[in-house]
Amino acid sequence: MSSKSGVRPTKGYLMEMQRSIVFIERGTEFLKLKRDHLAKELSESIEVLRGRRRLLLNNLQEAYKAVQAAYLSLGPTEVESQANSIRSTLDIDLLPKSVMGVQYPYIKILSRPKVEGELDITLSYASDKVYSILEEIIRLAEFESRVERLADELGKTNRKVNALENFVIPDMKAVIKYIQDKLDEEQMEDLVRIKLIGGALASER
Amino acid sequence: MTYAVVRSHALLADLLTSHQMRSITSADSLEEFIVQLSQTPYGQVNLEPDVNPSTSLERVFYQKFIERIVKIVDIVPSRIGELLQTYYYMRFETLNLDRIIRGKFSDETPQEIQASLVPMMPFKAPSYQALSEAGDMDALLEMLKGTNYDVVAEKVTAYKQYDAIWPLQLELQHLYSTTILKTVDKLPRDQRYLISKIVELEADIENFLVAIKQSRASKEGEGSKPEMFDVTYNISKDVLHLVVNGADIREAVESLGKPYSDILAPIYEGDVALIRTNLRSQIYKTVSQARGGNDFGFNPIMAYLVFSELEKDDLTGVAWAKEQGLQGEEFLKYLVVSNIS
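Line by line, the protein sequences are chains A and B.
Numbered as in the working numbering, the first sequence ends at 205 without a single skipped number.
Numbered as in the working numbering, the second sequence ends at 1341 without a single skipped number.
Don't read these hints as lab results, they were simulated from the structure.
Predicted, not measured: the structure shown is a model, and the values here were computed from it.
One or more hints might be untrue.
Per label pair, the in silico range of CB-to-CB distance [unchecked claim]:
no., chain 1, residue 1, chain 2, residue 2, range
1, B, Asn1046, A, Arg87, 27 to 37 angstroms
2, B, Gln1063, A, Gln61, 42 to 52 angstroms
3, B, Ser1288, A, Ser145, 29 to 39 angstroms
4, B, Gln1039, A, Leu110, 37 to 47 angstroms
5, A, Leu60, B, Asn1294, 29 to 39 angstroms
6, A, Ser145, B, Val1151, 46 to 56 angstroms
7, B, Thr1017, A, Glu144, 45 to 55 angstroms
8, B, Asp1238, A, Lys114, 23 to 33 angstroms
9, B, Gln1111, A, Glu135, 51 to 61 angstroms
10, A, Arg87, B, Gln1129, 23 to 33 angstroms
11, A, Arg50, B, Gln1111, 18 to 28 angstroms
12, B, Asp1238, A, Leu90, 37 to 47 angstroms
13, B, Ser1018, A, Ala151, 51 to 61 angstroms
14, B, Gly1270, A, Arg159, 26 to 36 angstroms
Keeping only pairs whose Cα atoms sit at most 20 angstroms apart, straight-line, the calculated EDC-like set for lysine to aspartate or glutamate is [what the hints assert, rightly or not]:
no., chain 1, residue 1, chain 2, residue 2
15, A, Lys34, A, Glu165
16, B, Lys1312, A, Glu80
17, A, Lys65, B, Asp1014
18, A, Lys129, A, Asp91
19, A, Lys114, B, Asp1098
20, A, Lys114, B, Asp1163
21, B, Lys1124, B, Asp1190
Don't be surprised by glycine CBs; every beta carbon is placed ideally from N, CA and C.
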């Protein structure tokens, strides 16, 4: 039994092991709670993600139709010339956010391009749709990253709980039992020895 | 004039029929589109290397259209020639100057700017190459001084104040509108009707679109721009200002009556591009009706050029759609010639 190699079958070690197993069992309970919360959060997030993707797909189709209409109305050269004249750009900042200790990126939009003054109305309609979608795409990417990291964390937590429940705790219990058995054995041996010594002393008297 | 009329009748036969246009529109790919086009008066089309095929084709269609204008301008009486040159050449030149200004504003290279220009010789402006090679916007505006576009160069203060090009663009549009008005006024009354009708229709619809755009900009908290309705015809400044100030669009459109209410109807669905298609269809109807009344004066000359331009616009749209792999039904509503019954 490899888990018992190097084990010192002493009362002090037994007490230390008993303290450790209480601590590990409490930790396991916490990890189980975390796992359940992560699983709940993940299943809810996947539902939201599906809805958002569906919505984005519809909006993408609408935006593409608007861009298509602008190209058909103005011609490709005019659309590209007008688009190139937009000097202000979309500025974003990447910040960390956390849920149950799981970090994921949060994208903060600092400034949006102002296009009203520079574009033809057809292109202005199309650009509005594209920019509204751009924000949706950013939010969706943020959400997908959150879901992905939650799933990763859930996997890790699950592996930790399994390892603790199936290996660490049973091993420790076995070690404790082994020490207890050893100590009981030693105690019996001591008792026998005391009895033998007591018998010998009594016969001498 | 008689020769010009007879020639225009002959040239009208060179234009693509709605049947031919429908056939081209149903091409499965851009390659098939080019093959079908080669069987028309456009002949074999050579695409420029390193340029998007649809952009290259757009240049081909512009070149063909400008060739057609030249054919007519060369044979019509001088007053009509002056009007046609102003109406078409100055319009394209305004577009080119607009693109040069945009290019300078966004620091495009002279090559990029030149690639975006309508392929034509300068009309009243200095060389487009020299303008596109100007060091910066100040140098560009300096080059416009002493030309027909002097008034645009005078807007340099407004350009710097707002750090935006719309003051220059507005002045260009204003100059074009007023020049057209003056040129139309020089024509005899019987020749003036058709071109006036087209110019009025175009100006009214563009004014209305600008008003809608302004109202959207005001809602988003952008500062208001100065007076931009220099020339108005059947849609009064009062109506336009009501729209700018957020009046109910449907009510405003319905109050305009036909054909405006029909042309502008797609705005209810937010399809602004379809408004321009409706406008082009209405111009087609107006010209056809005018030809129905008199097909032996200025009308067939104007019809040839108007139909040519509609053809150019439709072909440009189809080329882009084919490049994108779109099927006919997805873009057919934005075409005019193929929808003529």
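(message) So, against the hints stated earlier in the document, which numbers end up violated here?
(response) Violated: hints 2, 3, 4, 5, 9, 11, 14, 17 and 21.
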